[in-house]
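Undergrad: Using the sequences and the hints given, assemble the complete structure.
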Amino acid sequence: MQGKVGYFVGKLVELLVTLLLVSLLVFAAFSIIPGDTARIMLGPDASEAQVNLLRTQLGLDKPLVARYFSWLFGILTFNPGTSYAYNMSVGELISQRLPVTIGMSAIAMVMVVLISYPLAVLSARKPGRLGDQVCSVIGHVLFAIPPYVASLLLILLASSLFSLVTVGNYVAPSDDFSGFVGCLLLPSFAIALPKIAMSFKFLRSSIIEQRASDYVRTSKSHGLSDLKILVRHVLPNSNVSSITIISIILSDILGGSLIVEQVFNLPGLGRLLLSAISRRDFPLLSGIVFYLAFITVLLYFLSDILAAITDPRIRLK
Amino acid sequence: METVKRNKYRSPEASAFYMAGLTLLGIVVITFIISLFWTPYSPDATDASAKLLAPCLEHPFGTDNFGRDVLSRVMAASKYTIYISAAGVAIALILGTVAGIPAGYFGGYIDKGIMLLGNSIMCFPGILLALVAVAVFGASVGNVIWALGLVFAPTFARVCRVGTMEIKELDYITHARVMGVKPYRIMAMHIFPNLVPQLLPATVIGLANMTLFESGMSYLGLGVQPPDASFGKMLSDSQAYIRVAPWLVIFPALMLVFYILGLYFISEGLRVNLAKGGKR
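For the record, the sequence lines run as chains A and B.
Residue numbers for the first sequence follow the working numbering, beginning at 1 and rising by one.
Residue numbers for the second sequence follow the working numbering, beginning at 1001 and rising by one.
Among these hints, one or two may not hold up.
[Stated by the list, open to error] Below 30 Å or equal to it, Euclidean Cα-Cα: the simulated DSBU-like pairs (lysine-lysine) are:
| no. | chain 1 | residue 1 | chain 2 | residue 2 |
| --- | --- | --- | --- | --- |
| 1 | A | K4 | B | K1112 |
| 2 | A | K11 | B | K1112 |
| 3 | A | K201 | A | K220 |
| 4 | A | K11 | B | K1168 |
| 5 | A | K220 | A | K126 |
Just so you know, these hints were derived from the structure itself, not from any lab.
Source: prediction; values computed, not measured.
TA: Take a look at the structure:
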């Protein structure tokens, strides 16, 4: 038990230290920005007194360390300040946009698992056969298509084949949930495509490797059916490596959704991020960046824990 | 010395990957080289009488909404794709080796510190970090290169660190140490050359991934700035005309995918060779 608890505590400490470093990085990045924020906000016509007043209001006259801690406190209590451009709470702005980003990522992830797992299992049954090779080649090609290019091609395909013109019509989840899911399907598929290829590739080679191992031969000689060996022995063992892969895929999907949103004109975090960038709205920008990194770190942490639970060997390393 | 011997074995599978990869990459690279000397039209020349022309003899790839020749623009855009990915990977490679080899060689706190920094950089979805860097310092080709170099450095640092940890246990390193060779010399002269076989596939795949990021940033308008042509920018400009002029989307997309896919195939060939070579 000592080892188990020790491992989890160690991972937790690692998580906290990483989050601290991430927050330092984000804060540092937005502190070394050239230019005076108060001056930029008020424009060149404002008097020196006005600029000074705003600077005091924003707390920009305090020392750097004090600003860091007040920023960190704000962000940890989910109250990371007020956006310059929108004049709204950053937390509120982000939570408004979150459903699209999270929804798209979740749908994409479901697609990755539902499509890549069966294909990998089928492909790994008889490696080197025509079906397997076709899958592998298609996988390579899909892997090389950036999600936003895939989106454009899918739009092209959808509009020319099915004369679908609904692309770009966003439905809010509060209005019509199934409509919301429906309008996210195509963008999610575009993000999922390269990740399906990636997950397929790793899972396939992992299954092939496991099937060649001694314990599979032993199980076979004991008279276990192929299906039982696959479900009881091969898949759990291949899963361990795929948990790590999946956390990487999730973080990629999150990053990919930021761009794909733009193609389909969806009001998600990516749009908010771009408008924050173009308006130099740093409280908003730092909030989005920190929370996205926070989600990613949390995902990595959870995948580590999950991998350690499913495979005790990891804890000993 | 057995374990570090360069091996000359080539599997037929790897050869197929090399062939496919070099063909695709070759198309893009040759286009790039020709574009340095000659393009059919000036990539920025507008022609009001030839707007949105479908591919024809005078304009093999058609023209865009300003009457610019798409073939010429695709040729010009290949320059930025190749230039940014090469320069960015060079920066990432240098930063990654300089951080990764000492981390693996010395271990202890140096290792912990460097890896912690690398891991916290990798915590950000890569594209996000690059976008923020460009947002803070301004959108320009130079800044895109630096931002991407920084984002990709931890990947190379990892490869170097793991490789170094394996190599430093070998007898010839111990021998060098006993002979009194200085650590930095061991790392530069004895460890680094033996990391090349592992760094090579990482470099090739880094080029491909960097192109994915760069084109995405250019698509968002935070990469290569107009009027210079880049695949990402061309694709975002042509999106409004996707139904009336699909060639505006198809040709840049095709070239972009050729470049990335070519690199993936080559890295796959390298990987297969490395794996098969190890078994013999």
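Undergrad: State for each hint whether it applies.
TA: Hint check results:
| no. | hint | result |
| --- | --- | --- |
| 1 | A/K4 - B/K1112 | 22 Å, holds |
| 2 | A/K11 - B/K1112 | 14 Å, holds |
| 3 | A/K201 - A/K220 | 25 Å, holds |
| 4 | A/K11 - B/K1168 | 28 Å, holds |
| 5 | A/K220 - A/K126 | 16 Å, holds |
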